[in-house]
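*Asks:* Mind docking chain A on chain H? Use the hints.
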Amino acid sequence: MWAMAMKEFRQMRRDRRTLAMMILLPVLLLVVFGYAASFDVDRVETVVVGPRAEQVAAALPDRLDVVRVAPGEGRQAAVEALRDADATVAVVTGDGGQPQVLVDGADLFSARAVVTELRGRPGLPTPEVLFNPGLETSAIMVPGLMGVVLVFVGTIATALGVVRERQSGTLEQLAVMPFRARDVLAGKLLPYLGVAVVDLAVIVAVGVLLFDVPFNGSPLVFALGAVEFLFVTVGIGVLISTVSETQGQAIQLAIMTMLPQILLSGLIFPLQAMAPGVRWIGYLLPLTWFVQLARGVMVRGAPFEALLLPLGMLAVLGTVVFGLSIARFRRDLAPAGRGHGVDAAAIQDQEARARAGAR
Amino acid sequence: MSPDGTSWGCRRLGVRYGATVALEEVSFEVAAGTVAAVVGGDGAGKTSLLRALAGTVRPAAGTVRRPDERRLGYVSAGPGVWADLTVDENLSFSGRAYGLSAGELQRRVGGLLDRTGLAEARDRLAGRLSGGMRQKLALAMAVAHEPDLLILDEPTTGVDPVSRAELWRLLAASAAGGAAVVVATTYLDEAERAATVLVLDRGRSLLAGTPDEVVAATPGLVVDAAARPDGIPSWRRGSRWRAWSPDGSIPPGTGPATLDLEDAVIVAQLREDQRWAA
Chain H
-16 MWAMAMKEFR QMRRDRRTLA MMILLPVLLL VVFGYAASFD VDRVETVVVG PRAEQVAAAL
44 PDRLDVVRVA PGEGRQAAVE ALRDADATVA VVTGDGGQPQ VLVDGADLFS ARAVVTELRG
104 RPGLPTPEVL FNPGLETSAI MVPGLMGVVL VFVGTIATAL GVVRERQSGT LEQLAVMPFR
164 ARDVLAGKLL PYLGVAVVDL AVIVAVGVLL FDVPFNGSPL VFALGAVEFL FVTVGIGVLI
224 STVSETQGQA IQLAIMTMLP QILLSGLIFP LQAMAPGVRW IGYLLPLTWF VQLARGVMVR
284 GAPFEALLLP LGMLAVLGTV VFGLSIARFR RDLAPAGRGH GVDAAAIQDQ EARARAGAR
Chain A
5 MSPDGTSWGC RRLGVRYGAT VALEEVSFEV AAGTVAAVVG GDGAGKTSLL RALAGTVRPA
65 AGTVRRPDER RLGYVSAGPG VWADLTVDEN LSFSGRAYGL SAGELQRRVG GLLDRTGLAE
125 ARDRLAGRLS GGMRQKLALA MAVAHEPDLL ILDEPTTGVD PVSRAELWRL LAASAAGGAA
185 VVVATTYLDE AERAATVLVL DRGRSLLAGT PDEVVAATPG LVVDAAARPD GIPSWRRGSR
245 WRAWSPDGSI PPGTGPATLD LEDAVIVAQL REDQRWAA
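These protein sequences, in sequence, are chains H and A. Okay, so the first sequence: first residue is -16 according to the numbering used here, each after it adds one. Okay, so the second sequence: first residue is 5 according to the numbering used here, each after it adds one.
Note that these hints are calculated values from the structure, not bench results. Since the model is a prediction, treat every value here as computed from it, not as a measurement. One or more hints might be untrue.
Stretch by stretch, here's where chain H covers chain A in the computed footprint (C-beta under 8 Å, at least three residues) [as the list claims (entries may be wrong)]:
(1) 69 to 81
(2) 85 to 91
(3) 97 to 105
(4) 246 to 260
Glycine is no exception: its CB is placed at the ideal position from the N, C-alpha and C atoms.
Only chain H is shown next, with the shape it has when bound in the complex (with noise of 0.2 Å):
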């Protein structure tokens, strides 16, 4: 027993990555839950529109977060705000009476924290829930976890099938073959690409026939936040590869790629109850804003113009990701080069370069 005891330890402390993982998945886990895991969201972004704007905005609950005081407009101008996710709750004041309290319902848990501290005080009206009226929790997770599908084909997916190709040696074959570095990476990736667009696809038909997801926004919009998050996990998923010599650890690291993304970006914990800190974590992952992108479109059905920050962050992401996935790739697939005078016609000429220079 104890000699194989001995054999495994020496196997554990060779084995870096698994060790790592053994060490500092715990470490993340407790950080995560201590800093980001809370599903109470103390303040909530809020705007007061109408005549009374100034008036309301004054005695409202501190939990309401007041962002902007707008006399000047309407319910149209408030419900534009929630639809374009600049605040989460609308107060919409008349010449008298009562305000409308409008809330986002896609915010989950900011609107059901407003609803229960709305319905409790007097002189407030019944909030009126937008988007999401019955505060259903599917309604808000499909669109996030259809994000996860992607990560999953996109990232392991796409890991696994490059480096399947490094483990049983059949890269170096591709590598002799006259094709370039970015062919075979695109003819590699398209397949995953198919796959992922036929699975997002049928989340989405499933989202919304079985689950009554709202699908309210532009599926164009939609198609092209997907297309630029699919960059981003499938770049991840040749980075990985680069860095991977077998499929178990290609695995690893992946799930070390997805689990802050799962934790951290909002699709499970709110981003606004998260520690600061972990929060500008979330920002940096690519699932964070292809999250605000899908509830975007599906449930509020924001414009494109709504929606450029998650667009245009997903595009940087993916030029970067994607950028050095291909330069890591090409280094890994063609490390002799092509014109590096090492070919039949470069020494030729060398050669009719040292003769014309001897004469």
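*Replies:* Just chain A now, kept in the frame of chain H:
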């Protein structure tokens, strides 16, 4: 160099992996229409040389002369075939990668399947082939586009004797068709069939030339004995012993041996070991 003057190879080639020197100052040439064998033990630098020739390793020094990548065929030391594709699918993929038209591909694949004896197994997954059949498939994939330079990294290692003979028949046919063939091998009986031999040891060129030249250049005398001779380096050959007498003397109980490439390589490595030990 071949009659038409075409040859491929390297000059003063150096290959490094980080701080490790894999090859140093190695020069090598293979003419069109001939087979050149690269031999050496584990870690001698055979694979690094072949990879540098194929372009999958960047040389740290020296130059490599190789044809355009579309005129190159390569069989790596690994399986080199896609295990989850059938024999036909592997050949089709390789042929199309090298730009063969559908008609040309069909014609050449048919011929290759017949010559390699894989016709019966054309619909079988490559992963389900025996080691010998898999190597024949890898070779067929490497020659389907009729390359000018064919590079094979230990294609016969772990392969049964019948398949070894068939593989050599196939690569000899490629050379007869005009290709320059470089084959790394640990089997010296195979290397004797090559036009030229390069013996590598610890990343350096130990011996080079035709098999006859390499044998003729062996210093001292190799002797044959029924029992192990005392006091001089010796090795087993079948049921008998061989020994190397550096000064050319014939120890008691021994007689001069008929030298072959295996003896020549062992003597060269013994000398190299002595040099390193000194």
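*Asks:* Count the residues of the segment 97 to 105 of chain A with a beta-carbon closer than 8 Å to any beta-carbon of chain H: does the count reach three?
*Replies:* holds (count 4)
*Asks:* Tell me if chain H covers the segment 69 to 81 of chain A under the three-residue, 8 Å CB rule, please?
*Replies:* holds (count 10)
*Asks:* How about the segment 85 to 91 of chain A: do at least three of its residues have a C-beta closer than 8 Å to a C-beta of chain H?
*Replies:* As far as the segment 85 to 91 of chain A goes, the hint holds, because 3 residues have Cβ atoms under 8 Å from chain H.
*Asks:* Under a C-beta cut-off of less than 8 Å, do 3 or more residues of the segment 246 to 260 of chain A approach chain H closely enough to confirm the stated coverage?
*Replies:* violated (count 0)
Hint 4 from the earlier list is the only one contradicted by this structure; the remaining hints agree with it.
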